[in-house]
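Asks: Sequence:
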Amino acid sequence: MNRRALAVFGLIALSCAESSARSLSGRWLGKVSANGADSPITIDFVQEPRGPLRALASLQEETLWTDYALSNVRVAGSKLKFEVPSSNAPNAVFTGVINGDSITGTIVKGAHAVRVGLVRSGLVPAKPYSIRKVRYRSADGTELAGDILTPHEGVRRPGVVLLHGSGAHTRDDLRFYADLFARHGMVALIGDKRRSHSDGTDYTYFDLADDADASIALLAADPSVDDSRIGIFGVSEGGWVAPIVAARNSRVGFVIALVASGMSYAENEIYQRKQRWQAAGASPGALATFDTTTRALHDFARRLKGGRKIDDRSRAELQASLDHLAAVLGPRLGPPAKMPLATDTLSLRWRMLDFDPVTYWKHVKQPVLFVWGANDRNVDTESSRKRILTALIAAANNDVTALTYNGVEHDLMIKSEGRKFFFPHPPPGYPDTLVKWLTRTTGAKSGAKARLVPE
Numbered sequence: 001m002n003r004r005a006l007a008v009f010g011l012i013a014l015s016c017a018e019s020s021a022r023s024l025s026g027r028w029l030g031k032v033s034a035n036g037a038d039s040p041i042t043i044d045f046v047q048e049p050r051g052p053l054r055a056l057a058s059l060q061e062e063t064l065w066t067d068y069a070l071s072n073v074r075v076a077g078s079k080l081k082f083e084v085p086s087s088n089a090p091n092a093v094f095t096g097v098i099n100g101d102s103i104t105g106t107i108v109k110g111a112h113a114v115r116v117g118l119v120r121s122g123l124v125p126a127k128p129y130s131i132r133k134v135r136y137r138s139a140d141g142t143e144l145a146g147d148i149l150t151p152h153e154g155v156r157r158p159g160v161v162l163l164h165g166s167g168a169h170t171r172d173d174l175r176f177y178a179d180l181f182a183r184h185g186m187v188a189l190i191g192d193k194r195r196s197h198s199d200g201t202d203y204t205y206f207d208l209a210d211d212a213d214a215s216i217a218l219l220a221a222d223p224s225v226d227d228s229r230i231g232i233f234g235v236s237e238g239g240w241v242a243p244i245v246a247a248r249n250s251r252v253g254f255v256i257a258l259v260a261s262g263m264s265y266a267e268n269e270i271y272q273r274k275q276r277w278q279a280a281g282a283s284p285g286a287l288a289t290f291d292t293t294t295r296a297l298h299d300f301a302r303r304l305k306g307g308r309k310i311d312d313r314s315r316a317e318l319q320a321s322l323d324h325l326a327a328v329l330g331p332r333l334g335p336p337a338k339m340p341l342a343t344d345t346l347s348l349r350w351r352m353l354d355f356d357p358v359t360y361w362k363h364v365k366q367p368v369l370f371v372w373g374a375n376d377r378n379v380d381t382e383s384s385r386k387r388i389l390t391a392l393i394a395a396a397n398n399d400v401t402a403l404t405y406n407g408v409e410h411d412l413m414i415k416s417e418g419r420k421f422f423f424p425h426p427p428p429g430y431p432d433t434l435v436k437w438l439t440r441t442t443g444a445k446s447g448a449k450a451r452l453v454p455e
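Position one of the sequence shown corresponds to residue 1 (my numbering), numbered consecutively onward.
For the record, the hints were derived by calculation from the structure and aren't laboratory data.
Watch out, some of these pointers could steer you wrong.
[To be verified] Simulated pairs of lysine-lysine, DSBU-like, Cα-Cα distance not exceeding 30 Å:
| hint | residue 1 | residue 2 |
| --- | --- | --- |
| 1 | K127 | K81 |
| 2 | K338 | K274 |
| 3 | K109 | K81 |
| 4 | K415 | K81 |
| 5 | K109 | K362 |
| 6 | K338 | K305 |
| 7 | K274 | K420 |
| 8 | K386 | K274 |
| 9 | K31 | K79 |
| 10 | K420 | K31 |
| 11 | K362 | K386 |
| 12 | K274 | K415 |
| 13 | K109 | K31 |
Take these sequences, add in the hints, and give me the full structure.
Replies: Following this line, the structure appears as structure tokens:
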């Protein structure tokens, strides 16, 4: 076969692939199923002109997603594949079949499999807001990128900057909340979280606070935003960053903090790991040994950070304690930590070891909404709530709403945990609680009514 014939067949194949992608375009509604339980899912397939086929997933159970970008979307005849991006490699992979106006298949990750069934419902509905991509710089020159979601109706809207939790995150990870706020009359800015510095040092909470300040300044300069009604919304680690920003930035008009810790980084780390090992079956004696050894490890790191000379005997004693702890916990739980080197003190863990958010909450005067989960294993909800609210009393802040949902974990989801299986889902009324509070606090005109939630 000559080259010209090969080129013709290549064009035919490409044309067929593009035709298949175009025929897939639109909104597909359905469910994911596992262990006898179902959960609704929406996937919008979008074929951009001269661009790849995109797939955007929306869920309100298992996780809160709106327009979460799936990756490596491929159509070959009646076969469809895509991946669900994950910070924990490898990605989950969907393999399925297109049959007219239906799609069936399975998402697999490791030993876990979830069935998926979708039915075409029509075109992708237009959104009640525009999305503008932006690039701007933080105080140290780091380039930041994100999306600004602006409602079509109204002018001089309240604005909100959304702050990520720990780890690597993109704007898609908070798009559910940005979409929620934009649909209820607010201009929302979501960004990609910064990475480590070029010299290998981790960012600190103060770097993230600088990023938040830059984001607030960007919204304040937007003619569609009322610069007297700009606030911040922080999730988990974002709840550690939020008080830094609110305490020092006079433009901040309100604060929402989800599952915020009120403990120092060091104390929160001890609580978090003890909770995980207790759930894994560690004995009370092993947990007590962990507590003592970890505090010794923290003291060692403080001396290392301070440039103090550490003799061989001290190193040997700490290493012996760590080895003993590893033996007490056993191979199933594994060693909890390694003795840090001087270079390790550049990591966020050691740089922020003695950071205490209460120091900053004592200076927060703006209206604040807190949401906690009673079953949180990452944050000591009871102690955090007590310490933060005490700090706000000291600040003479009388506009504080604190909600704790029973049966809810760090991701603000209710999980089956030994009961008949069901997909994790938010507690009744959540996240409408956020909309209700924001409407009262900012005067934003809601495009949809929020259900009232007992407080």
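Asks: Please go over all the hints and tell whether each is borne out by the structure.
Replies: Going through the hints against the structure:
| no. | hint | in the structure |
| --- | --- | --- |
| 1 | K127 - K81 | 27 Å, holds |
| 2 | K338 - K274 | 17 Å, holds |
| 3 | K109 - K81 | 14 Å, holds |
| 4 | K415 - K81 | 29 Å, holds |
| 5 | K109 - K362 | 45 Å, violated |
| 6 | K338 - K305 | 16 Å, holds |
| 7 | K274 - K420 | 27 Å, holds |
| 8 | K386 - K274 | 20 Å, holds |
| 9 | K31 - K79 | 19 Å, holds |
| 10 | K420 - K31 | 19 Å, holds |
| 11 | K362 - K386 | 13 Å, holds |
| 12 | K274 - K415 | 20 Å, holds |
| 13 | K109 - K31 | 18 Å, holds |
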